[in-house]
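J.: Each chain, written out:
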Amino acid sequence: MGITFRKETFRDDFTFRNSPEHIRRFPFPFHEDAYMYAVNIEPHVVGPKGSVLENLIDVDEHYVAEMQDRALVLAEDPLRCQSLPHMTLAGWDLLELLMEQQALGYPEHFTLTRDGDRWRWINRPLGIDDTFTFGDTSTLPYGPMEYITRQSQGDFCILDQRDGNLWMDAGMVTTQADWSLDFDIGMNFFEWHAPVPLAHEKGIFTRALKFLTNIQQGKPARRLNWTMTINPRLDTSPENYHKWGPDRTTVTPENVGDKVHLRVELQSFWRLPRSNGIVFPIRCYLIKMDELVTQPKWARRLHRVIRDLPEELATYKGLTRYRPTLVEWLSKLDDGSATSPGFGPD
Amino acid sequence: MSTGTTKLDVVVSDVVPVNELVTCFHFRRRDGELLPTFSGGAHVVVEMRDGDRTRLNPYSLMGSPLDTREYTISVRRDDVGRGGSLFMHRSVKPGLEMVISYPVNLFSLDLRAKKHLMLAGGIGITPFMAQTAQLAGEGGNFELHYTCRTASLGTYADVLRERYDRRIRLYHDDRDERIDLDRLLSTQPLGTHLYVCGPAGMINWVRDRAAALGWPSEAVHFEHFAAPQPGLPFDVTLAVSGKTIRVDEQQSLLEAIEAAGVDPPYLCRGGVCGQCETNVISYDGKFIHNDHWLSEEDHRSGCKIMPCVSRFEGRSLVLER
Chain A
1 MGITFRKETF
11 RDDFTFRNSP
21 EHIRRFPFPF
31 HEDAYMYAVN
41 IEPHVVGPKG
51 SVLENLIDVD
61 EHYVAEMQDR
71 ALVLAEDPLR
81 CQSLPHMTLA
91 GWDLLELLME
101 QQALGYPEHF
111 TLTRDGDRWR
121 WINRPLGIDD
131 TFTFGDTSTL
141 PYGPMEYITR
151 QSQGDFCILD
161 QRDGNLWMDA
171 GMVTTQADWS
181 LDFDIGMNFF
191 EWHAPVPLAH
201 EKGIFTRALK
211 FLTNIQQGKP
221 ARRLNWTMTI
231 NPRLDTSPEN
241 YHKWGPDRTT
251 VTPENVGDKV
261 HLRVELQSFW
271 RLPRSNGIVF
281 PIRCYLIKMD
291 ELVTQPKWAR
301 RLHRVIRDLP
311 EELATYKGLT
321 RYRPTLVEWL
331 SKLDDGSATS
341 PGFGPD
Chain B
1001 MSTGTTKLDV
1011 VVSDVVPVNE
1021 LVTCFHFRRR
1031 DGELLPTFSG
1041 GAHVVVEMRD
1051 GDRTRLNPYS
1061 LMGSPLDTRE
1071 YTISVRRDDV
1081 GRGGSLFMHR
1091 SVKPGLEMVI
1101 SYPVNLFSLD
1111 LRAKKHLMLA
1121 GGIGITPFMA
1131 QTAQLAGEGG
1141 NFELHYTCRT
1151 ASLGTYADVL
1161 RERYDRRIRL
1171 YHDDRDERID
1181 LDRLLSTQPL
1191 GTHLYVCGPA
1201 GMINWVRDRA
1211 AALGWPSEAV
1221 HFEHFAAPQP
1231 GLPFDVTLAV
1241 SGKTIRVDEQ
1251 QSLLEAIEAA
1261 GVDPPYLCRG
1271 GVCGQCETNV
1281 ISYDGKFIHN
1291 DHWLSEEDHR
1301 SGCKIMPCVS
1311 RFEGRSLVLE
1321 R
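First to last, the protein sequences are chains A and B. Each residue of the first sequence is one higher than the one before, starting from 1 at the first, in the numbering used here. Each residue of the second sequence is one higher than the one before, starting from 1001 at the first, in the numbering used here.
Quick caveat, the hints were computed from the structure, so don't treat them as lab data. Heads up, a few of these hints could be off.
Simulated crosslink set (SDA-like; lysine to any residue; CA at most 25 angstroms straight-line) [what the hints assert, rightly or not]: (1) 49/A <-> 268/A; (2) 219/A <-> 1028/B; (3) 219/A <-> 1265/B; (4) 1007/B <-> 299/A; (5) 219/A <-> 1029/B; (6) 1007/B <-> 213/A; (7) 219/A <-> 1069/B; (8) 297/A <-> 319/A; (9) 49/A <-> 299/A; (10) 219/A <-> 1108/B; (11) 210/A <-> 41/A; (12) 219/A <-> 1034/B; (13) 1007/B <-> 216/A.
Keep in mind it's a predicted model, so treat the numbers as computed, not measured.
Looking at chain A on its own, in the form it has when it is part of the complex (with noise of 0.2 angstroms):
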C-alpha cells in the first residue's frame, strides 16, 4: 500500500494539514518538560513502524505539495541550489544515497535499476523516468545534487571536510528556519554558527565538530532541533522575511490554534563515500497548535517548555511577540498532572 499524497499549499491559502495517522508520527522533540541545549546526538538507525525514523530518509503524504513548493522557491531565486565547483562528486554522492534510501524505503513509489553507470531512475509520485550514465553531469537535465533534491523532502547541506573542519560548500535550501545557503556558502563550522546564542560558552560547537569530522561511512548520526512557525510556510528565510516577518503580530487568542506551528528538524549527517565529504539533510515537520494538542501529553509538555524558555533562545527562535498569546492558550490545556518519560504521544 502506497502513501496518499495530499494535494496542499505551504503558501497563500495554506492549506497545508497533517492526516491523524501523520499527526501520531510527528517528530514531537521534547522528553521531559523543559528544553534547553545538549549535544543531542545519536546513532541515525531504523525506528519503530509507522514512526518518521521507519526509513532512514522518511518519505511521506506531504512529499509532492513540498517539491512542487521548491520548484516555485527556486523559479524566484535559483541562488537557493548552490555548489561550489569542487562539490560535484559530493553532488554524485547524495545522489546515489537518496535514489538508495527512496527506493529501498517505498518500492511502489520509487525504483532504482544499475547496470554499471548506466542508471534508471523511476520517480512515480513525480511522473519522472531517466535514464544516466553516473559521474556525467551531461546526462542529466541538472547538476546531480539540484536533479535529486528537486526529488527529496527536506533541506540538504553539502559539507566539505579539510583541515580539521567542514565547510559548507553545497547545499539545497528552501525550507529553511531563517538562515541562508547564499549567506553561509563557503563558511566553516565556527562561522555558520556564530549567531547561535549561549552554545558556543559550553563548548557545544568544539565537541559537535569533533563528533561530526568523525562521522564514518555506514554509521549516520541524527539530532532533533526545533521552532516555531506562523502559517504552515516552508519558506522561512531571511530573504523572504517581507513575506513571512510580519505574520508574527497577526497571533491572536483565537487564531492560535490554526496560525501556530510547531517546526520540528530532523538533522541528520552522513559521511560521503566518494568526496570524503559530509551530507546534512535537515527534514522540516509542521504541525498546527490545533493538530499538537489532539495528544494530551504534548499539549501539557507544550505548554511548560514555552512557559519555561529563557529569554535568550525565545529571542533566537523568534517567539517574543507571540509567546505570552501562545502560553495562555496552551495553560488551558495544563491540568498540571505528571507527563509520561519520552517523546511519543500517550
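Mind docking chain B on chain A? Use the hints.
T.: Just chain B now, with coordinates in the frame of chain A:
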C-alpha cells in the same frame, strides 16, 4: 558513542607477491555483494586472528575507488615489527575468511586543488594508487614523485608508469637519484596541493621545506605510517574498569586493553586520529610516545597517552579506562 567502524566480513580472493618485501592481498565480500565505495587515501583496519592473539593494523586501500568488487592492500614485510606483517605474509592464503573495517579516510584529496602534487617514499605509495586512479577517472591534474631504494623494490612503479606515463617520476636511492625538492616546490602553479606519504624523515623534510618556501599549511597534506613498535612488556592498571593488564612485547597497549574486554574508540590505530586518547591518572616511569596527535606539551605533562602506538617503561601506570 561507538567503537571503531562497521565491520565487513570478507574472504581473501587473491595473494600476489609484488617483490621481495611486498605482497598484495585482495578481499571480496563473503556474501558476494559489492564492497562500500571509498575515496582515494582511505584505509581499512584488518583484524588478524593469530592463535589466541588479535592484531588490528591499518592499511591503505590501493585499488580504484571506481571498482568495489574487491579491495586491495599491500603489506610490506617487517622482520623486526610486532608480527602483523609476518602473519599476513605467512598465514594469509586465498580462501581465508577475515574481518576488516569499513573504509576511513584521514588522508583525503582536497578537491579544490588546481593540481595535486604527490610525493611518495617506499610503501607510502599505497594511498596514491587509489588517489591517482580516482583523479585519472575525473580528468584531474596530478603529478607523482616516487622514491624507492632500488628499481626492484619500486612497488607498482611499473604499473604507474604504464598507466600515467610522464606524470610519474621515479627516484632510486641506489642510483643516487634525489628529488630536487626546493625546485619542485618553487615551480608549482598557484592552487597546487601537496601530499606526502612515506617514512617520518621524508614527511618532516617535505613539510619543513614547504613551510620555508611559503606554502600555506592548508595546502600540505601528509600521512604518517606509524605502525605500533614492539618494546619491553609492562603492566597497566585500568582504573575505570578495575583491571590490571600486561602488555606483551609484541602487543600494542590498545590491543592489550581490548584483549581485557575494554573497548576504547579508535579509527586509525596509527597515532594520528585522536580517537583513543587516554588520560593518565598516575605513573612512575617513562613514556615512549610514538604518536602524531598529542602536542609536545601533552607528551611532557605525563597526563595523556595514545595507546594505539605509544608504550611505557617503569614501575606503574594507571589509566582512566
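J.: Sort out whether residue 216/A lies within 25 angstroms of residue 1007/B, counting only the CA atoms.
T.: Satisfied, since the Cα-Cα distance of roughly 12 angstroms is no more than 25 angstroms.
J.: With a cut-off of 25 angstroms on the C-alpha distance, tell me whether residue 219/A and residue 1029/B pass.
T.: holds, 19 angstroms
J.: Keeping to a limit of 25 angstroms between CA atoms, is the pair of residue 210/A and residue 41/A held or broken?
T.: This hinted pair holds, its Cα atoms lying about 12 angstroms apart.
J.: Are residue 219/A and residue 1034/B close enough, with their CA atoms no more than 25 angstroms apart?
T.: Holds. Residue 219/A to residue 1034/B sits at ~18 angstroms (cutoff 25 angstroms).
J.: Just to be careful, I want the Cα atoms of residue 49/A and residue 299/A compared with a cutoff of 25 angstroms; is the pair within it?
T.: Holds. Residue 49/A to residue 299/A sits at ~24 angstroms (cutoff 25 angstroms).
J.: Sort out whether residue 1028/B lies within 25 angstroms of residue 219/A, counting only the CA atoms.
T.: This hinted pair holds, its Cα atoms lying about 21 angstroms apart.
J.: Below or equal to 25 angstroms on CA atoms is what counts here, so check residue 1007/B against residue 213/A.
T.: holds, 20 angstroms
J.: For the pair supplied as a hint, residue 219/A and residue 1265/B, is the alpha-carbon distance within the 25 angstroms limit?
T.: Holds, because 14 angstroms separates the two Cα atoms, which is no more than 25 angstroms.
J.: Please verify whether residue 49/A and residue 268/A have alpha carbons no more than 25 angstroms apart.
T.: holds, 19 angstroms
J.: Are residue 1007/B and residue 299/A close enough, with their CA atoms no more than 25 angstroms apart?
T.: violated, 44 angstroms
J.: Verify the proposed pairing of residue 297/A with residue 319/A, using a straight-line Cα cut of 25 angstroms.
T.: The hint holds at about 22 angstroms.
J.: Could you grab the alpha-carbon distance between residue 219/A and residue 1108/B and see if it respects the 25 angstroms cut-off?
T.: Holds, because 19 angstroms separates the two Cα atoms, which is no more than 25 angstroms.
Checked against the numbered hints above, the structure violates only hint 4.
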